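Residue numbers (the numbering used here), protein chains in the order written: chain H, 1 to 257; chain F, 1 to 248.
Treat the hints as calculated values from the structure; they're not laboratory data. These numbers come from a predicted model, not from an experiment. Glycine included, every Cβ here is placed at the ideal spot set by N, Cα and C. Be careful, since some hints might not be right.
[Claimed, not checked] In silico contact screen, one side only, chain H against chain F (beta carbon under 7 Å); selected entries:
no.	residue
1	104
2	108
3	109
4	110
5	112
6	113
7	125
8	126
9	208
10	209
11	210
12	226
13	227
[To be verified] Quick list of the computed label-pair ranges, beta carbon to beta carbon:
no.	chain 1	residue 1	chain 2	residue 2	range
14	H	87	F	192	33 to 41 Å
15	H	116	F	229	53 to 61 Å
16	F	199	H	33	32 to 40 Å
17	H	76	F	9	47 to 55 Å
18	F	5	H	33	26 to 34 Å
19	F	7	H	31	42 to 50 Å
20	F	235	H	13	32 to 40 Å
The lines below spell out each chain.
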Amino acid sequence: MSRAPRLLLVPALVAAGLIGVPLVALVVRAPWPELSRALAGDEARNALGLSLVCSLSATALSLVFGVPLAWLLARVDFPGRRLLRALVTLPMVLPPVVGGVALLLAFGRRGLLGGALGALGIQLPFTTAGAVLAETFVALPFLVVAAEAGFRQIDPRFEEAAAVLGAKPGFALRRVTLPLAAPALRAGAALCWARALGEFGATITFAGSFPGRTQTLPLAVYLALEHDPDAAIALSLVLLVVSVAALVALRDRWLGA
Amino acid sequence: MFARPLGRIALGLALWAAAAPPARALDSLPAITVFAAASLSESFQALGAAFEAKAHGHVTFSFGASSLLVTQLQQGAPADVIATADETTLAKAGDLIGAPRTFARNRLAIAVEKGNPKTVQGLADLARPGLAVVLAAEQVPVGKYGKEALAKAGVTVTPRSLEPDVKAVLNKVALGEADAGIVYATDVTAAQGKVDGVEIPAAQNVSANYPIAVVKKSQSAEAAQAFADFVLSPEGRTVLARYGFAAP
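Assemble the whole structure, with the sequences as input and the hints as a guide.
Take a look at the structure:
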């Protein structure tokens, strides 16, 4: 440990305060006596339950489809790989509302694929499936980026050794590659889940807001702010606690060092 | 790898933004911020331009759900004037504001897709199974008014979504995601043909009164008062009438 020069100490404290003060304010200003009332309401419970269902579904979808994509990006050299990687990570920097509009233009009733989906009897906007899709769109890149980095860190010689010893590709993937990448996949999944849980813009734009169906916790916070700020703070605290729990789960990777 | 093009894009955007007219001109005229209901977006932009043309001062608008604007005001947002879509919402601002004055009346209408392909003729049709209806949340004035109108008509609707403000309802219909939504009659006019409007008969309709008030803590109280007076003046009424608002 080295002593910090003043020159760095001041801006570092400003940075810490910038993030710390609002979070402390949320805790300080929380209506503690009314917390149980605000959280006992059906609105809050519905929103929390729906948020958990949607964010976990989005994480599961991201794992099922994102891990193979990450492996492809990490291990296979194909034309357009860099372009594909840039495309897949785009939602990380895209304003989520823009993502929501893009989803509408693709999967909405009048969207590019809307007609085909409609013919199959599938409707995504205003449904829980739509909320899951919006969250997946925004959260998937976090998993892909983490998983790709994880796959890249694996020494290819392990996989080659497995192949030389007669392991079929599927077997080598299951018993060598995935276990070696497991820490990165776990971290990626946790990040992806946290991002899905907090997703607001794409969800309200694409899936709308209806209690129990598409009104997830962040949407409920936004709406509650208009008529019952105490409830909004209470719901925000729930999200904060859940996010802190996710960070604690990741502490070995990021906070333990 | 990306640094160079990114730098150029940022520079280009900065130049583009700098080329826009300055938000606040470098003269001595007072500048005020007006919080206004989402349904006033178009009419107040026009009023603001007319107000500035008379060199009374510069106006910046923040449009949103009335209830959200009042909450922001309570949290100390720097507004000089506030205009909402109903009286009870503005009353929540309490002693932060001067005496509210009603400056316009509005009524509800059903926004439907252009050409009304589902032949919606009235509120009763909104209960039709399979019709995708979108309403505003009860917490915002238009949602509350819509609920009143549906109650008057004796219609029970299961909406697909409860949107955070009236423009969000309008957009869901304009984008074709919803077949119908309850909005203000003025929103149909303001949508300029992107949606069609279906009238709601007076017996089922509600009268939405729009009050305006000056914020007591305003740093430019004089200009704030001047803007409120301008909205209530005959000239202001003419502009509001052009966007479909009735006199109070």
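Results for each hint:
1. With its C-beta approaching chain F no nearer than about 6 Å, residue 104 of chain H sits inside the 7 Å limit, and its interface hint holds.
2. Evaluation of the residue 108 of chain H hint against chain F yields a held restraint, the C-beta minimum of about 5 Å falling below 7 Å.
3. At a threshold of 7 Å, the smallest CB-CB gap from residue 109 of chain H to chain F is about 5 Å, leaving the interface hint in force.
4. Hint status for residue 110 of chain H: holds, given a least beta-carbon distance of 4 Å to chain F, under 7 Å.
5. A hinted interface residue such as residue 112 of chain H counts as satisfied when its beta carbon comes closer than 7 Å to some beta carbon of chain F; here the least separation is about 13 Å, so the hint is violated.
6. Checking residue 113 of chain H against chain F: minimum C-beta separation of about 14 Å lies over 7 Å; hint violated.
7. For residue 125 of chain H, the interface hint holds, the least distance from its beta-carbon to any beta-carbon of chain F being 5 Å, beneath 7 Å.
8. A cut of 7 Å between beta carbons decides the hint on residue 126 of chain H: the least distance to chain F is about 4 Å, and the hint holds.
9. For residue 208 of chain H, the suggested interface contact is upheld, since its CB lies about 3 Å from the closest CB of chain F, less than 7 Å.
10. Interface restraint check for residue 209 of chain H: the shortest CB-CB distance to chain F comes to about 5 Å, inside 7 Å, so the restraint holds.
11. Because the closest C-beta pair between residue 210 of chain H and chain F is about 5 Å apart, less than 7 Å, the hint holds.
12. Interface hint status for residue 226 of chain H: upheld, as the beta-carbon distance to the closest one in chain F is roughly 4 Å, under 7 Å.
13. The criterion of a C-beta within 7 Å of any C-beta in chain F is met by residue 227 of chain H, whose closest approach is roughly 4 Å, and the hint holds.
14. Separation of residue 87 of chain H from residue 192 of chain F is about 35 Å and conforms to the stated range, judged on CB atoms against 33 to 41 Å.
15. Between residue 116 of chain H and residue 229 of chain F the CB atoms are about 57 Å apart, so this pair conforms to the stated range of 53 to 61 Å.
16. The supplied range of 32 to 40 Å is broken by residue 199 of chain F and residue 33 of chain H, whose beta-carbon atoms lie about 49 Å from each other.
17. For residue 76 of chain H and residue 9 of chain F, the hinted distance range of 47 to 55 Å is not satisfied, since their beta carbons lie about 30 Å from each other.
18. Residue 5 of chain F and residue 33 of chain H have their C-beta atoms about 55 Å apart, which leaves the hinted 26 to 34 Å range violated.
19. At roughly 47 Å, the beta carbons of residue 7 of chain F and residue 31 of chain H sit within the given window of 42 to 50 Å.
20. In this structure the supplied range 32 to 40 Å is violated for residue 235 of chain F paired with residue 13 of chain H, their Cβ-Cβ distance being about 54 Å.
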